[in-house]
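A.B. asks: Using our numbering, you'd call the opening residue of the sequence shown number 11 and step up by one each time.
Calculated from the structure, these hints are not laboratory results. Be careful, since some hints might not be right.
Cut-off 30 Å, straight-line C-alpha distance, at most; resulting in silico cross-link-like pairs (BS3-like, lysine-lysine) [to be verified]: (1) Lys-108 - Lys-41; (2) Lys-190 - Lys-276; (3) Lys-254 - Lys-222; (4) Lys-65 - Lys-35; (5) Lys-167 - Lys-273; (6) Lys-194 - Lys-254; (7) Lys-110 - Lys-35; (8) Lys-162 - Lys-194; (9) Lys-254 - Lys-71; (10) Lys-167 - Lys-191; (11) Lys-245 - Lys-64; (12) Lys-276 - Lys-194; (13) Lys-273 - Lys-182; (14) Lys-162 - Lys-201; (15) Lys-233 - Lys-141; (16) Lys-245 - Lys-141; (17) Lys-273 - Lys-298; (18) Lys-71 - Lys-167; (19) Lys-35 - Lys-86; (20) Lys-65 - Lys-108; (21) Lys-198 - Lys-141; (22) Lys-110 - Lys-198; (23) Lys-86 - Lys-301.
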Amino acid sequence: MRYAAIDIGSNAVRLLIAEIREDGKEYNFNKDTLIRVPLRLGDDAFLEHRISDKKTSLLIKTMSAFRNLMDAYEVKDYMACATSAMREAENGPDLVDKIKEIGIDLRIIDGNQEAEIIYSSHVIEKLNSNKSYLYIDVGGGSTELSIFHAGKLEASKSFDIGTIRILDNQDKDEVWDDMKKWAKDHTKGFKQVIAIGSGGNINKLFSLSNEKPGNLLSYSTLKSLSDMLNSYTLKDRIQILGLKPDRADVIIPACEIFISLMKWVKIKEIAVPRIGLVDGVIQTLIDKNLKS
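Sequences and hints are given; from them, build the entire structure.
C.D. replies: Structural data, given as structure tokens:
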């Protein structure tokens, strides 16, 4: 049995098709197919506040291809979500209707709903319940923060700061100030906080660090990676470091977000479990259909 997750983000559009397997009384999944199309809808949404005709056409073609792939894989259930770019595009609801015509029901979700879906991946359950964590999910248009203490969610908030938004100079100083204040205020009562990072950029940074899977990434290592990446031109980050063109630019502002938050909260290490919205969607479908 297979489920599918579609994530229409500000930088890329993703499809994950996962095979569901039963392990005793638990259900897990293996990733059959993961497709990422770098449409970068955020450039339109954050600058013009609408998705252009060209990007609309590309999005419809992508969704049609995703629909055909889900049919070919005989997917039993799916969930399609759109985040920050579609939230800000005034023609977002029109695109939802167009996508529905090709057989995909799409939901435009807010920052809190986005965070809830990501957390449904149950990654928190695998961490030390005696410690405190700042969960940081960095996307193209927004950053979702959550505080976990003693295994429980203490607070969560979404901020309009993201990699595409920064590249387009659409991030605002007051939002940075709000995020700094929120992060410091909600962690000041904890002795030591560990960060958890999610999103494609922190996953790539972890790969560049050559750390073994499961290890924590130190603040100093992350800062060194940032300095190294900034020392290369965009062209060299692509040609010498082998980064994809749509990753080579956004990884710089992603470093800025992660490093800023870790510095503000005095965090020394960050865990990178390599999960994202599509993983949370698959787990949400499992919880909805199979847990009972």
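A.B. asks: The structure should be examined with respect to each hint, and the outcome stated for every one.
C.D. replies: Going through the hints against the structure:
Using a Cα cut-off of 30 Å, the hinted pair Lys-108 and Lys-41 holds, with the two alpha carbons roughly 28 Å apart. Between Lys-190 and Lys-276, the direct Cα distance comes to roughly 12 Å. Compliance with the 30 Å bound is thereby established for this hinted pair. Our distance criterion of 30 Å between C-alpha atoms is met by Lys-254 and Lys-222, whose separation comes to about 22 Å. Between the alpha carbons of Lys-65 and Lys-35 the distance comes to roughly 44 Å, so the proposed pair goes past 30 Å and is violated.
At roughly 19 Å between alpha-carbon atoms, Lys-167 and Lys-273 fall within 30 Å of each other, so this suggested pair holds. Distance check on the hinted pair: Lys-194 and Lys-254 sit about 34 Å apart at the alpha-carbon level, beyond 30 Å; violated. With a C-alpha separation of about 36 Å, the suggested pair Lys-110 and Lys-35 falls outside the 30 Å cut-off, and the hint is violated. Restraint check for Lys-162 and Lys-194: satisfied, since their Cα atoms lie roughly 18 Å apart, inside the 30 Å limit.
For the hint pairing Lys-254 with Lys-71, the CA-to-CA distance comes to about 22 Å; that is within 30 Å, so the pair holds. For a cut-off of 30 Å, the pair hint linking Lys-167 to Lys-191 stands: about 12 Å separates their Cα positions. A hinted pair counts as satisfied when its Cα atoms are at most 30 Å apart, and Lys-245 with Lys-64 qualifies at roughly 26 Å. Only pairs whose Cα atoms come within 30 Å are accepted, and Lys-276 paired with Lys-194 is accepted, the gap being roughly 9 Å.
Distance check on the hinted pair: Lys-273 and Lys-182 sit about 19 Å apart at the alpha-carbon level, within 30 Å; holds. Under the criterion of a C-alpha separation no larger than 30 Å, the hint pairing Lys-162 with Lys-201 is consistent with the structure, at around 16 Å. Distance check on the hinted pair: Lys-233 and Lys-141 sit about 24 Å apart at the alpha-carbon level, within 30 Å; holds. Using a Cα cut-off of 30 Å, the hinted pair Lys-245 and Lys-141 is violated, with the two alpha carbons roughly 41 Å apart.
With a CA separation close to 38 Å, the supplied pair Lys-273 and Lys-298 exceeds the 30 Å bound. Between Lys-71 and Lys-167 the alpha-carbon distance is near 33 Å, which puts this suggested pair outside the 30 Å criterion. Taken as a hint, the Lys-35 and Lys-86 pair is honoured in the structure, with Cα atoms around 20 Å apart against an allowance of 30 Å. About 13 Å separates the Cα atoms of Lys-65 and Lys-108, which keeps this hinted pair within 30 Å; it holds.
Restraint check for Lys-198 and Lys-141: satisfied, since their Cα atoms lie roughly 14 Å apart, inside the 30 Å limit. Restraint check for Lys-110 and Lys-198: not satisfied, since their Cα atoms lie roughly 46 Å apart, outside the 30 Å limit. Taken as a hint, the Lys-86 and Lys-301 pair is honoured in the structure, with Cα atoms around 16 Å apart against an allowance of 30 Å.
The structure fails to meet hints 4, 6, 7, 16, 17, 18, 22 from the earlier list, while all remaining hints are met.
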